[in-house]
Amino acid sequence: MNEEMYATALKTALAEIQNVCPDINQTFVLMDNGTIVSGDGQAIDPHIERAINSVQSLAEKALSVGGLDDLLIDGDEGKVYVSQFNGMYSVMALSKHADLPFLRTVTGIILPTILKVLNGIGSETALPTPLKSAPIVPPTPQFRPTLSEPLAKDEEVEETVEESEEEAEETLPPEPLETREAETEAETEVEPPRERIDLPSQQLIVDKFGGLMVRADNVQIDFEILERWSSLLDVKEIQEVDIETFSGKKTRCKAKVISDQKFEGRGLIRIPEKTCEALGLKRGELIRVKPVLPEER
Amino acid sequence: MPVKKKSLQVETGEQVDWAPKAEVKEHVTDIRNLLDRIKAREGVIGYILRASTSATVDIKDPSKIIDYAVLSASALESAESLSEAFKLGAASNIVVEGKGLKILLLTKGEHRISVFMEKNVDHTSIYKELH
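Going down the list, the sequences are from chains A and B. For the first sequence, numbering that gives the first Met the number 0 begins at 0 and goes up steadily by one. For the second sequence, numbering that gives the first Met the number 0 begins at 0 and goes up steadily by one.
Treat the hints with caution; some may be incorrect.
Stated by the list, open to error - Within a straight-line C-alpha distance of at most 20 Å, the following computed SDA-like cross-link-like pairs (lysine to any residue) qualify: (1) B:K127 - B:D29; (2) A:K95 - B:K118; (3) B:K63 - A:K95; (4) A:K60 - B:D29; (5) A:K60 - B:E76; (6) B:K118 - A:M212; (7) B:K86 - A:M212.
By construction, these hints were calculated from the structure, which means they are not laboratory data.
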């Protein structure tokens, strides 16, 4: 299921919510990749777009207090109610005397349920668009035959790595059919990471971070992932990683362990804001990350 | 738990005839006294009182002062932007709920007040008291 289908389903859901609650004047959903879906299907006014995007900035600031759940603005001529669900935000412009408890109940049930159903459908069909709420990190195996082979000796591992690299170079264009099949399977199936002896790559969800002392070339990855890569490649530690966006942009960064406990084990890669800007990345997007072998550097 | 109170008062110096300095000071003191009383309630974490030239911060956990100040400023900015975009008129109050805490933001005269509290605290009674 692709992003467009999510947007269509959310748009329909918003329209239905608007039918149930006549107090709602306008509805929007700010998706975790920054896309704004309008309930009436009309083009979004730039002022409204900017305002809704400011919610994303507020949500970032609210990370220090555990994230943003709800925001209610009570104005003289109406209200705005922003509510978080599955890592996305619904933004609703309401009349002055809107029944908030009823609205909370309706949106709190309908939107998460629809996402759950969509995720269910998405996992059965090809090419799901992973959401922030589903921190499942599917691996992208490149050479199927080596997947089930146990890692017997270190020498064997090294040899196979070299062979794989040579093979990869020789057969790069066109890509072997098996590789493509393996990649497609990895994208469609949701399964725990498996051991490989070729150069591993992993899809991770982008999370931005910033600060005065943050170096733009340092990214943060789960300790488990770095450890798995270092044992797989038989190196002391993974010092650098290659990042590749799905639009094809690449960069090499120093790899650090995620320093904040609350971001651990969620399949995230924390990238400095400047680097995100340079790569055109938004929070919640998926990127491919590969460790860099010491001799590659 | 030690309570750290930061008072960043900047005096404007000049006063117009119709607003004697003593009265303005008294007004600020009234709000601050009221906020101090509210802060003593169970579940209330602290407050930030902003005026055009001064700010008073009283948060129970001093290590959180910057986080809370940044969040409160960002919430005000976002609320302003949303109010303008959706033509809500003047926002009488704003409530931001996070995972573990809640912030009530309101404007009283030239003062912008942010009250930080645990999620189970009834913010409407605080709002009524401050408004």
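Violating hint indices (sorted, rising): 2, 3, 4, 6 and 7
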